[in-house]
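> Sequence:
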Amino acid sequence: MGSAKRESSGLEEDCTREDSGKKQRISFTNVNMILITVGPEKAKHYVHSPLLCEESGFFRAAINSGFKESSEQVIDLPGEKAEHLDNFIHWLYREKFPKLSAEIVNNTEYPKHDNDIIKSTDRLCYQFTFADKYDIPRLRKYVLLELIKLAHNCKAPSASMIVRYYEATVKKSPLRRLLCDWYTLRVGQKFFESDEYQEGFSQSPEWAVDLLAACARNWAAPPKQQVVAIMKADNYF
361 MGSAKRESSG LEEDCTREDS GKKQRISFTN VNMILITVGP EKAKHYVHSP LLCEESGFFR
421 AAINSGFKES SEQVIDLPGE KAEHLDNFIH WLYREKFPKL SAEIVNNTEY PKHDNDIIKS
481 TDRLCYQFTF ADKYDIPRLR KYVLLELIKL AHNCKAPSAS MIVRYYEATV KKSPLRRLLC
541 DWYTLRVGQK FFESDEYQEG FSQSPEWAVD LLAACARNWA APPKQQVVAI MKADNYF
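Residue 361 is where the sequence shown starts when you use this note's numbering, and the numbers rise one by one after that.
Hints were generated in silico from the structure; no laboratory data involved.
Hints may contain errors.
[As the list claims (entries may be wrong)] Calculated cross-link-like contacts (lysine-lysine; reagent style DSS-like; alpha-carbon spacing at most 30 angstroms):
id: 1; residue 1: K550; residue 2: K531
id: 2; residue 1: K531; residue 2: K515
id: 3; residue 1: K493; residue 2: K550
id: 4; residue 1: K479; residue 2: K404
id: 5; residue 1: K402; residue 2: K501
id: 6; residue 1: K493; residue 2: K509
[Said to hold, decoys possible] Label-pair ranges, simulated between beta-carbon atoms:
id: 7; residue 1: A576; residue 2: A528; range: 23 to 29 angstroms
id: 8; residue 1: K515; residue 2: Y453; range: 30 to 36 angstroms
id: 9; residue 1: Q585; residue 2: H512; range: 30 to 36 angstroms
The beta carbon of each residue, even a glycine, is placed where N, CA and C say it ideally should be.
The whole structure should be built from the sequences, with the hints applied where relevant.
Below, the structure written as structure tokens:
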């Protein structure tokens with residue numbers, strides 16, 4: 361594993377900021393570069409340390425901690441994929457992901473069921489969990505806004521994808537709420553009764569509960585006469 365030698369430009373000073381909620385002015389004069397390695401192959405990514413510290417509580421703590429990672433200026437993320445870190449770094453410098461999903465869905469001729477849409481949704485959901493894991497609030501917000509754009513134009517994700525991201529998030533996660541709202545807007549009753557969704561609900565009871573709450577939140581209550589028509593004894597015998 362390669363490592364970067366510590367410079368004398370004041371790493372701790374570079375990475376200190378006030379938590380005012382506003383982006384701080386960053387000087388790129390004599391700043392340090394951090395080496396991030398990912399995956400078992402130790403793929404190398406070099407990033408300006410002030411940018412990492414500005415956006416991520418995790419990287420700020422790692423760089424300023426005084427542990428091995430800060431002295432060698434190397435942070436190893438063995439459980440991540442290079443693609444996911446690439447997306448983060450691209451956003452870090454350009455404040456957008458490569459091949460924005462919004463550019464895809466704004467094309468009215470683009471097939472809404474195409475695999476690229478599924479991949480875009482999957483990638484965005486994963487990057488939300490990445491932002492959660494490494495404490496990157498602005499990236500979380502960016503991902504949610506991109507998912508909202510997809511939800512306005514595309515079908516809801518598959519049940520298996522929902523279950524996967526329920527397992528990767530915590531209760532009351534904004535991503536969970538967004539996915540449930542997406543379902544109430546894009547999925548009809550017949551889908552809820554299908555084997556795929558019944559299996560998904562059994563795998564993730566939390567999803568079933570949250571989706572029920574989303575239905576109550578987003579679907580208007582039927583008028584009284586419709587309730588009377590539905591709740592007839594003949595329907596149950």
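> Going straight from one Cα to the other, do K402 and K501 come out at no more than 30 angstroms?
It holds: about 29 angstroms lies between the C-alpha atoms, which stays within 30 angstroms.
> In this structure, is the beta-carbon distance linking Q585 and H512 contained in 30 to 36 angstroms?
holds, 33 angstroms
> Between K493 and K509, is the straight-line Cα distance small enough, at 30 angstroms or below?
Holds, at roughly 23 angstroms.
> Okay, K515 versus Y453 on CB: inside 30 to 36 angstroms?
holds, 32 angstroms
> Hey, K479 versus K404, does the alpha-carbon distance stay inside 30 angstroms?
holds, 25 angstroms
> Compare the distance between the alpha carbons of K550 and K531 with 30 angstroms, and conclude whether the hinted pair is satisfied.
Given that 30 angstroms is the threshold and the Cα spacing comes to 27 angstroms, the pair holds.
> Could you grab the alpha-carbon distance between K493 and K550 and see if it respects the 30 angstroms cut-off?
violated, 36 angstroms
> Taking only the CA atoms, is the gap from K531 to K515 under or equal to 30 angstroms?
holds, 24 angstroms
> Could one say that the CB atoms of A576 and A528 fall in the range 23 to 29 angstroms?
holds, 25 angstroms
Violation of the numbered hints given earlier is confined to hint 3; every other hint is satisfied by the structure.
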